[in-house]
Amino acid sequence: MITTLKSFQYFHPNTVEEAVQILNKYGDRAKVLAGGTDLIPSMKRQKIAPQYVVYINDISQLKHIDFGAEEGLRIGALVSHHSIASSSIIREKFQLLAKACNKVGTPHVRRMGTIGGNICMAGPSQDTIPALLVLEAQMKVVSLQGERIIPVDEFFTGPFQTAITGEEIVTEIQIPCPPSDSVADYQWVTKRTVVDETLVGVAALLGMDLDRGVCKGARIALGSVGPKPFRAREAEEIIKGEKLESKLIEAVAQAAAEETKPRSRADYRRREVGLLVKSTLEHLWSQLR
Amino acid sequence: MERELSVVGKRLPRIDAPAKVTGEAKYTVDIKLPGMLFGKVLRSPYAHAMILKIDKSKAEKLPGVEAVITSEDIPVKLFNSGLTDLLVPEEIAKNDPRDQYVLSNKARFVGDAIAAVAARDRKVAEAALDLIEVEYKALPAVFDVVEAMKPGAPKIHDFANGNIARHISFPGAIGDIEKGFQEADVMIEETFNTTKQLHCPLEPSACIASFDSIGRLTVWSPTQLLYLARHKIADIFDIPEGKIRWITPFVGGSFGNALTLRAEPICIALARKTRKPVKLEYSSEEQFIATQSRQPFTIAVKMGVKNDGAITALQGKLTANSGAYYSLSGTTTNVCMAMFATLYRCPNVSVEADIVYTNIPISGGYRGYGNPQAMWALEQVVDVAARRVGMDPVEFRLKNYRRAGDPGWTASLPIESCALEECIKLGMDKIGWREKMGGTKEGVKRRGIGMAIQRHVSGTQPMQMTHSNIMIKMNVDGSADLMVSGCEMGQGMFGVLAQIAAEELGLQIGKIHVVNGDTDETMFDDGQHASRTTYVIGNAIIETARQVKQQLLERASKILATRVDDMYVRDGQIYVRGDLENKISVEDITRRATYNFEGQGRNIAGKCSYVPKGNPPPYSAVFAEVEVDINNGATKLLKIVFAHDIGRAINPTNVEGQLEGGVMHGIGYALTEEYMVNGNNGVVESDSFTNYKIPSTLDMPNVEVIIVEQPTPSGPFGAKSVGECGLNAVAPAIANAIYDATGARVRDLRITPEKILEELSANIL
Amino acid sequence: MSKEIARFTINGRECELLIEPCTSLLEVLRDHLELTGTKSSCGVGECGSCTVLIDNKPQLSCLTLAITVQGKNIVTIEGLASGNNLHPIQQAFVDCGAVQCGFCTPGMILTAKALLDDNPNPSRDEVKEALSGNLCRCTGYVKIVDAVLAAAQIMKKGGA
Ligand SMILES: Cc1cc2nc3c(=O)[nH]c(=O)nc-3n(C[C@H](O)[C@H](O)[C@H](O)COP(=O)(O)OP(=O)(O)OC[C@H]3O[C@@H](n4cnc5c(N)ncnc54)[C@H](O)[C@@H]3O)c2cc1C
Ligand code: FES
Ligand code: FES
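In order, the protein sequences belong to chains A, B and C.
For what it's worth, this note's numbering labels the leading residue of the first sequence as 1, then goes sequentially.
For what it's worth, this note's numbering labels the leading residue of the second sequence as 1, then goes sequentially.
For what it's worth, this note's numbering labels the leading residue of the third sequence as 1, then goes sequentially.
Next up, chain A with everything else stripped away, as it sits in the complex:
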């Protein structure tokens, strides 16, 4: 570890347009700096040594939280975990995202760290990702060439890898309104202490067919138990059109556990996946009935 950062050339664009122009010029030799809670430690640990650092945190265009019944939720990439966790609209309608953001790091890290930085870091245990997976979010990505929308499940390509190029920045996270009559939650256990990396994270969303009293469908996403957070599709299938009785919940939990590929503490993580899926589903089902 070094205690002083290696020299770099510094840019501080005030608009997205300026930012992407700089990135277009320097590509992979440049790094975007948002809250810095990941980039600065990575530089000190000499994992990366960018020649150009593009500080985007002053771009006021990217600090919005907008909500409309039609278009859903739009969060600027530079919104901090703290702001998301304390946003009344998010706490009301996207409670699991508020909960996930409130899990990230320490109070200081939550104030400094941004949601954009969290997803671009793209580690297997990043806490916002399982929530974004079940909310079926999409990322708005901008470069000098224009913008594109990347669905969340295509955004993460591997551990610490995303689908965006060095010329692009994420500008917005777009989250559709959850299906009516649905509830969702994020639950986790950490590795050792309360403020710690997530050992297993489970996000789940249950949609209800109120007429028939059954589950219309479920989305379940698992964090920290594979190269990247992912949807447990086989487990989800089991729930469709069913009542969530305890036997079924057991089966779903087991299916979810089987879909995981943890690297360390594998048996324990699988066991935790089963338990957390179970407790999350039980909690949600009890809310629906």
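Quick caveat, the hints were computed from the structure, so don't treat them as lab data.
Be a bit skeptical, because a hint or two may be false.
[Claimed, not checked] So the derived label-pair ranges between C-beta atoms look like this:
| hint | chain 1 | residue 1 | chain 2 | residue 2 | range |
| --- | --- | --- | --- | --- | --- |
| 1 | C | Glu34 | A | Asn14 | 30 to 36 Å |
| 2 | B | Glu442 | A | Asp28 | 36 to 42 Å |
| 3 | A | Asp153 | B | Gly35 | 57 to 63 Å |
| 4 | B | Arg98 | C | Glu4 | 49 to 55 Å |
| 5 | B | Ala19 | C | Glu4 | 49 to 55 Å |
| 6 | C | Glu4 | A | Asp153 | 40 to 46 Å |
| 7 | C | Gly83 | B | Pro407 | 54 to 60 Å |
| 8 | B | Asp121 | A | Gly146 | 28 to 34 Å |
| 9 | C | Asp117 | A | Gln21 | 54 to 60 Å |
| 10 | B | Ile164 | A | Gln161 | 44 to 50 Å |
| 11 | A | Ile89 | B | Lys32 | 56 to 62 Å |
| 12 | B | Asn680 | A | Gly146 | 44 to 50 Å |
| 13 | C | Glu34 | A | Gly146 | 46 to 52 Å |
The model shown is predicted, which means the values in this text are computed figures rather than measured ones.
Glycine included, C-beta positions come from ideal geometry on N, C-alpha and C.
Starting from the structure of chain A, add chains B and C with the ligands where the hints point.
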């Protein structure tokens, strides 16, 4: 005694606190000298490797670099980086191998110091490291003690066959162990493992060294043992000791981390080479991987017990992982054995230990020394034994513990005082022992309680040479300068020693100025180790203060025309007994003594050398309440009750603070702190606060401290020690509580959910 | 590499410095401005020792490039007391025995100040939560939490 205490026993604010809350307090890392260079250390990426060649030419050419040094540039004198070998005669000290150089010529762990640079600023120094080219030849490495002792294992030091650095038989062994086993009705055999706990002071190790034009060296460093550090450095570098001034500024936590040399030798070598002041600050990562930490032990215990609960035999076979070098492994192992063997009465005791080298970072000394390791094993075995003979674990302990009058940690020194029964009684009430014992046996979340006891020391008597040398000089305003060697690392010695001095001198606390941590200004003291400061230095201060008081009273007696014996000092006034009107102020006396126009001038002052007469052991009883989720094995710590036998609390707030902090280390030891080394390449994975988790506010349960005061005869105002006691028995208390809740007995630290689940499933089968 | 000008307010005073952009705010405070009350421990956001207030919010100066705080208002531990009068939180830390080695203390006090400015009447759990990013290896946190709660009481009575 006519006198009521007016300063001792009061919850006075610490005298160093205002400087610390305003940011004014200076730590080593805060000091800056004109023209100062910055040092950096190149560390081995290999766990075990020959160094074939070092090419430093590129680094030397980097603008701003002033020196690049390797083992060839510095004295080739082997030394032991632990400092307390200086406290025993050479014939004993030489049993502890001297196996380290300032910079190594063979890498023995990932992080071993190979080369160092001094440069204009940190950035240049860091860049220069990348330019030093080292050709290594990797050797097979071994990380585990069992593997290390096998025939054919890689040899880490030439002299250590089977990598056994030393075998120690506990000198206090008694009786006939086999006979003891035969007499037993019940035999308990258990093996325990402990983890390499890291001190994690928030201030990483640092040092500043500066030679002046006549070759006098000044060192600023956060060491706990400044005189010993100076002595060892003088020896390594062959500098006359009088030519070294050693200063210890405020220390940002240590917990034993600074009982060994850390950044000092390399920093001094750089200063010697460049003849400029050099500052060497460890990065946080270096603090984690390259400073020394707690010895991991394997402890195999065999205990024989009679059906009535009497212990007939106690045997321990210990293996200590010393890491790459020996350092304090000998003394730590000795303390571990002594604490293990002498907490309980037992006629047949035997303890043997092997200290083994491996290619992991060095083990040094850590708060509690070997006691937490010993208690982790012993206090669980006692829990097992009590349950096997159908006794309440508290009753079992009360039947067997060594108490006042019994032999202490060495047979030659009987236990001076003991208030364990009171501690246990109060602790039991507070935790609700009788109501809660046995736990809840239904549902997913099981509750249980457990307890453990410990006994520690107030200094090193009679194991090591120990003495404290104090000066007190009076100023003409009636205030006193207390000159005492030592280091304020958070333990609160400034305030506590000032309270003792104020009480004995009869001054208000504000009249005491502590002059500390500078070999130019204070006399010899062996340092801040073995929880000795309050007891040893406190007594030394009392003796010195009495001399000063005598001088004050003699002068006052002339003025007040009263016999010395008929006067006393209180709140800065000298009174004649029984006549409150007949008095004179200390200020008046000191002024008249110094500015004396009758040819009787004198700076009223005292000086004494004090060798402690005893070593009264403090006892503690720790109670833990837990809730264990038997589905996922997670433990929630609900409560810790800690009752401590302090003798006298010089400052109760301080005593509580020491214990609350110690308990936090104990909770970490038990539940959160896990030292991890990569089994393939020896890379320390516990290299940061992210990868090695100490408890935060949210991990701390409700901690209740109970102070039991039964003054001990030889203590200053009756005080015994507290510093290390907080953590010694916390982990076994938690483990016993987990057993009470679930029936799972976890024998290896850290207690993980996996280990609990494994025990639970084994129980079901 | 070229240097740039950073301008900000530090403890109420305007400050202008020529720095390399790779310089952290922590380095600027400790090395350039000699405000060594802000402590450096982990250097990577884990411990909270380097906490300062930037526009009244607690931030980690080890993760902040000094060049990014242009125009902002920074308060360090040196800026808290007014003259010889300690801030009520500082006083409470002294009175409650919340200080041992003192290395975590500046970060703890500034974090506590931001908390009490936002929430003058926190519960014990809220204090623990707010301080959960500030590690202390000495105290076991008991007296630190006590001190923050005591300070809240004093500040409510108009002590600040
Ligand atoms: C002590 C500590 C604890 C932590 N605990 C957690 C935790 O519990 N859970 C968790 O999920 N994370 C945790 N983190 C990681 C991290 O802080 C968060 O993921 C945070 O959200 C990162 O955001 P940032 O704005 O600080 O990112 P930065 O460090 O600024 O950037 C992170 C990466 O993303 C890139 N980037 C940032 N924004 C954009 C953008 N808009 N477009 C394109 N690329 C971009 C950067 O170039 C960089 O590579 C922790 C960090 C620390 C220091
Ligand atoms: S030094 Fe900044 S958080 Fe540790
Ligand atoms: S007082 Fe030492 S770290 Fe908190």
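Q) When you take the CB atoms of Ile89(A) and Lys32(B), is the distance between them in 56 to 62 Å? A) Given a distance of about 50 Å, which is not inside 56 to 62 Å, the answer is violated.
Q.
Tell me if the beta carbons of Ala19(B) and Glu4(C) are separated by a distance inside 49 to 55 Å.
A. With a Cβ separation near 35 Å, Ala19(B) and Glu4(C) fall outside 49 to 55 Å, so the hint is violated.
(Q) For the hint 54 to 60 Å, verify it against the beta carbon of Asp117(C) and that of Gln21(A). (A) 40 Å, violated
Q.
Is 57 to 63 Å respected by the C-beta to C-beta distance linking Asp153(A) and Gly35(B)?
A. 59 Å, holds
Q | Range agreement (Cβ of Glu4(C) with Cβ of Arg98(B), hint 49 to 55 Å) | A | Hint holds: Cβ distance 52 Å, inside 49 to 55 Å.
Q) That 36 to 42 Å hint for Glu442(B) and Asp28(A) (C-beta), does it hold up? A) The hinted range 36 to 42 Å is violated for Glu442(B) and Asp28(A), with Cβ atoms some 59 Å apart.
Q: Indicate whether the distance between the beta carbons of Ile164(B) and Gln161(A) respects the range 44 to 50 Å.
A: 48 Å, holds
Q: Kindly confirm whether 28 to 34 Å is satisfied by the beta carbon distance between Asp121(B) and Gly146(A).
A: Given range 28 to 34 Å: violated, Cβ gap about 45 Å.
Q) Given a hinted range of 54 to 60 Å, is it respected by the beta-carbon distance of Gly83(C) and Pro407(B)? A) 59 Å, holds
Q: Could you say whether the range 44 to 50 Å given as a hint is met by the Cβ separation of Asn680(B) and Gly146(A)?
A: Holds, since Asn680(B) and Gly146(A) (Cβ atoms, about 47 Å apart) stay within the stated range.
Q. CB of Glu34(C) to CB of Gly146(A), is that within 46 to 52 Å?
A. The hint (46 to 52 Å, Cβ to Cβ) holds, given that Glu34(C) and Gly146(A) are roughly 50 Å apart.
Q) Honestly, do Glu34(C) and Asn14(A) meet the 30 to 36 Å range at C-beta? A) The hinted range 30 to 36 Å holds for Glu34(C) and Asn14(A), with Cβ atoms some 33 Å apart.
Hint compliance for this structure: hints 2, 5, 8, 9, 11 are not met, and every other hint is.
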